[in-house]
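**Q** Sequential numbering from 1 applies to the sequence shown in the UniProt record's numbering.
Hints in this document: simulated from the structure, not taken from any laboratory.
Mixed in with the good hints there might be a few duds.
Claimed, not checked - Here are the simulated lysine-lysine pairs, DSS-like style, with alpha carbons at most 30 Å apart:
hint, residue 1, residue 2
1, LYS186, LYS104
2, LYS272, LYS104
3, LYS196, LYS186
4, LYS65, LYS104
5, LYS272, LYS186
6, LYS194, LYS104
7, LYS65, LYS186
8, LYS196, LYS104
9, LYS37, LYS65
10, LYS272, LYS196
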Amino acid sequence: MVGNVAGTMAELEPEDFYLLSGVEQGMRFSEWVNVEKIPGYAGLSEENADYRIDRCADRDLIRRKTIQYEGYQLTFEGYDALALHTFAERETVTGMGAPLGVGKESDVYEVETYRPMALKFHREGYTNFREVNKERDYTSDNNHVSWQYTARKAAEREYGALEDLYPNVSVPRPIDHNRHAIVMEKLPGPELAKAKLQSEQVVGVLDLVLREMDLAYRAGYVHADISEYNVAISDDGVVIFDWPQSVETDHENADELLLRDVDNILSYFARKYPSEMPTVDPQAVTDAILDGEFESVRAFAGSEA
Numbered sequence: 001m002v003g004n005v006a007g008t009m010a011e012l013e014p015e016d017f018y019l020l021s022g023v024e025q026g027m028r029f030s031e032w033v034n035v036e037k038i039p040g041y042a043g044l045s046e047e048n049a050d051y052r053i054d055r056c057a058d059r060d061l062i063r064r065k066t067i068q069y070e071g072y073q074l075t076f077e078g079y080d081a082l083a084l085h086t087f088a089e090r091e092t093v094t095g096m097g098a099p100l101g102v103g104k105e106s107d108v109y110e111v112e113t114y115r116p117m118a119l120k121f122h123r124e125g126y127t128n129f130r131e132v133n134k135e136r137d138y139t140s141d142n143n144h145v146s147w148q149y150t151a152r153k154a155a156e157r158e159y160g161a162l163e164d165l166y167p168n169v170s171v172p173r174p175i176d177h178n179r180h181a182i183v184m185e186k187l188p189g190p191e192l193a194k195a196k197l198q199s200e201q202v203v204g205v206l207d208l209v210l211r212e213m214d215l216a217y218r219a220g221y222v223h224a225d226i227s228e229y230n231v232a233i234s235d236d237g238v239v240i241f242d243w244p245q246s247v248e249t250d251h252e253n254a255d256e257l258l259l260r261d262v263d264n265i266l267s268y269f270a271r272k273y274p275s276e277m278p279t280v281d282p283q284a285v286t287d288a289i290l291d292g293e294f295e296s297v298r299a300f301a302g303s304e305a
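Make a model of the complete structure from these sequences and hints.
**A** Now the structure itself:
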């Protein structure tokens, strides 16, 4: 998505961003913004607003519907354009690079700042925000829910967690945040799922992951979605990323979610490296983390649930 927007940015004029901001403002109150209200939201004359609507619609930055009235809403490309415009004004981002990862709930791209960084656009809620809302509480305090709001709240939550955790926990260093987008340090290596560990490395790497989970718990957070797809590995160690669904340790389900995380990562290592993995009880490891006594899974070798 954003690759196209990066190429479009140079074509946009200041009034185009006024128009996009006006539609964004209107979407706080309605899923589709009545065309008659857009000039007021955008601070533009009716004639100029009509011209800007056509320009932005031609570039797929807004979409139109005319079922009951003529209304407009931002596309994610339009929302991306607003975030990129803000980052450019702050000089946080000076250039766009290649995609680093594209998924159901986020798109990540390399960007230039003073050195290469990663720009993550949250996509939660764009196609299935009702399902997301059932699982997560980004929108529990808001009666009018839109994908725009859902994605922004997810980004806010993740950025807040990264700020609280870095540098005491090995997470990507947060650089900047706007709307549904986060600029952060690039991952140092591949996902754990794509790595092939040597036999002598298996237990040691597992220990590194669990120690970072322990440090995160000491810092007040449970990741709540640990898997082989959000742990990066390099010669310097591991980095745990993707924190939008994290919960604070005083959350009523924090201990249950920590147990699920421990079970997930132990199960992955047991599946991929069955010959190297000892039998370990996830509850025993979780209890050690809760008590601040975890050191190594070796201490739990042979334990069973």
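**Q** List, from low to high, the hint numbers that the structure doesn't satisfy.
**A** As far as the earlier hints go, only 7 is violated by this structure.
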